[in-house]
Amino acid sequence: MLDAGQTQQETLLEVNNIEVIYNHVILVLKGVSLKVPKGGITALLGGNGAGKTTTLKAVSNLLHSERGEVTKGSITYRGEDIAERDPAELVKRGVIQVMEGRHCFEHLTVEENLMTGAYTRRDRGSAVGEDLEKVYSYFPRLKERRRSQAGYTSGGEQQMLAVGRALMSKPETILLDEPSMGLAPQLVEEIFGIVKDLNEKEGVTFLLAEQNTNVALRFANYGYILESGRVVMDGPAADLRENPDVKEFYLGMSDEGRKSFREVRSYRRRKRWLS
Amino acid sequence: MSAAFLNTLEVMANGLMAGVLYALVALGFVLIYKASGIFNYAQGVMALFAALTLVGIMEGQVPFSHLINAVLGTDVHHFGWHLPALVGIVLTIAIMVLFAWFVQQVIFKHLVGQEPIILFMATIGLAYFMEGFGDMMWGSDIKTLNVGLPQGGSFAIEDITRTWAAEGERYYGMYIDNLDMIATMVAAVLVGALVLFSQYTKQGRAMRAVADDHQAALSVGINLNFIWVLVWSLAGFVALVAGIMWGAKSGVQFSLSLIALKALPVLMLGGFTSIPGAIVGGLIIGVGEKLFEFWIGPLVGGATENWFAYVLALLFLVFRPQGLFGEKIIERV
Chain R
0 MLDAGQTQQE TLLEVNNIEV IYNHVILVLK GVSLKVPKGG ITALLGGNGA GKTTTLKAVS
60 NLLHSERGEV TKGSITYRGE DIAERDPAEL VKRGVIQVME GRHCFEHLTV EENLMTGAYT
120 RRDRGSAVGE DLEKVYSYFP RLKERRRSQA GYTSGGEQQM LAVGRALMSK PETILLDEPS
180 MGLAPQLVEE IFGIVKDLNE KEGVTFLLAE QNTNVALRFA NYGYILESGR VVMDGPAADL
240 RENPDVKEFY LGMSDEGRKS FREVRSYRRR KRWLS
Chain Z
0 MSAAFLNTLE VMANGLMAGV LYALVALGFV LIYKASGIFN YAQGVMALFA ALTLVGIMEG
60 QVPFSHLINA VLGTDVHHFG WHLPALVGIV LTIAIMVLFA WFVQQVIFKH LVGQEPIILF
120 MATIGLAYFM EGFGDMMWGS DIKTLNVGLP QGGSFAIEDI TRTWAAEGER YYGMYIDNLD
180 MIATMVAAVL VGALVLFSQY TKQGRAMRAV ADDHQAALSV GINLNFIWVL VWSLAGFVAL
240 VAGIMWGAKS GVQFSLSLIA LKALPVLMLG GFTSIPGAIV GGLIIGVGEK LFEFWIGPLV
300 GGATENWFAY VLALLFLVFR PQGLFGEKII ERV
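Here the protein sequences line up with chains R and Z, keeping their order. Start counting the first sequence at 0; every next residue gets the next number (numbering that gives the first Met the number 0). Start counting the second sequence at 0; every next residue gets the next number (numbering that gives the first Met the number 0).
There may be inaccurate statements among the hints.
DSSO-like, lysine-lysine: derived pairs with alpha carbons at most 27 Å apart [unchecked claim]:
(1) R/K169 to Z/K142
(2) R/K71 to Z/K108
(3) Z/K142 to R/K91
(4) R/K195 to R/K91
Now the stretches of chain R that chain Z is said to cover, found in silico as 3 or more residues with beta-carbon under 8 Å [unchecked claim]:
(5) 12–21
(6) 69–76
(7) 127–141
Simulated from the structure, these hints should not be mistaken for laboratory data. Computed from a predicted model, the values in this text were never measured in an experiment. C-beta atoms are modelled at their ideal positions from N, C-alpha and C, and glycine is treated no differently.
Pulled out of the complex, with its shape left as it was, chain R reads as follows (with noise of 0.2 Å):
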């Protein structure tokens, strides 16, 4: 398989212990690294305000619209430095990511939206027009719906299109940001089936957030886990699986039954992992 602990497989993407400040004061990343493998799914895991959006979007660099920015460490794509690229042109190199929350094109038709992902393409129309049956052939769902305004359509199909747009790119790794959020388990399976699907057949590398733990190790050949900033634990997907302290943080089991939140805290305090 696809692991990173391997290193068999070239790694696309490093990011190598940054740290981002937002305003100017507000500290969110102590020294994150990480690497991801092409064609593989890396998952980054952890909770609320763990730091998984920010890495993600330290990659993309979307952190300038909100006023964060990357004051140590570097982040390297196929051993270039990214750090300074602006988003467009990360999309055109391949790394695209789709947003925490959907963020469609509200009073865009769910095609619109799926032809601004292919912005910043240079090629003919005629392949722009394959891809997009392409996308619609992995979202069926998409197709029936083409022409109504993406505002009005469900919260699965949403994510759906957000997926799709970025697909339209013809990106070579996707930086997805909790997929799952807001949706039911059935469709949250969809979703990840779809990834999983997409990362075996078409080759797209995946760098996935996601709080939901349980779903993500599934689907995920490697996963980090962070914690108020900084990596506290990395390991093939299997192997956090098994892990004790995963199971009973993230995963919800115990041998010794149900633990009360605040012996939780405590534990955590006085255990802190790594580093």
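Based on the hints, put chain Z in the right spot on chain R.
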């Protein structure tokens, strides 16, 4: 047809055409507001600046001549050429595009993600800057703008309508201003072109995408800076058209920048985010104020045109704040 009915028709026709001119100014506001959420206080001054630049270029005026003469002790005022209107318009468009780029690079690029009120304040600053800059560049005297548009009433319409009156009634035909008719046609073409552009081109689609969600637009690789320069250029172009029409009507002078005030009620009526809204709002206000003046004016001592639009806008603010065509906020829970 009775003369009274024909008079009413004439008033309405004139109102419609006045409305088109209001709509032209309002259109500039809508373009920028939709794409960037900026309420551009400087839109009226942009129209003035565009008209000043057009006159200056056509007349071969030396820009900043007062400044140059004062500093260098020279005495230059004139290049000694007269350019045809079309060349002047093309050059002015180029300058307005340059201006759009300048505004984006110097001001709004640094204000991304700021509160709307801050952006609004920035445009107030911009308005005052441009006012002074325009003065310094082209001088503050009143200029006549002659781009070859016909002036005065249309005799053809006067002759035709004279025959419409019933037998035995004294009626001299409708007075319809030629310039107003041309302005109406130009505005119709302009709006049609803008709608086609925003609906069916890649950049137009990107423009609407940016209007919906800046962050998402950024994430799919749309260059916000480019789109905003594009939008400000379009607004500059619309300002130029408005400047030409109003300038040809009443001369190019400072008061031209005050037409922006007439556009405000239009926006409140039509909605700040709708291009068709700006047009319909303009027409309603144009016709409304003329008819009101015609019917009610004599009863209250006239001069109702000064306040009618604002009172109407006030009513709209109370009962339908998003305007007639303003975008409904789509909210899913």
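To see whether the hints hold, each was checked on the structure:
1. R/K169 to Z/K142: violated, 55 Å
2. R/K71 to Z/K108: holds, 24 Å
3. Z/K142 to R/K91: violated, 50 Å
4. R/K195 to R/K91: Between R/K195 and R/K91 the Cα gap is close to 23 Å, so the pair holds against 27 Å.
5. 12–21: violated (count 0)
6. 69–76: With 0 residues closer than 8 Å to chain Z, the stretch 69–76 of chain R misses the three-residue bar; violated.
7. 127–141: That given contact is violated, which follows from only 0 residues of the stretch 127–141 of chain R lying within Cβ reach (below 8 Å) of chain Z.
Checked against the numbered hints given earlier, the structure breaks hints 1, 3, 5, 6, 7 and satisfies all the rest.
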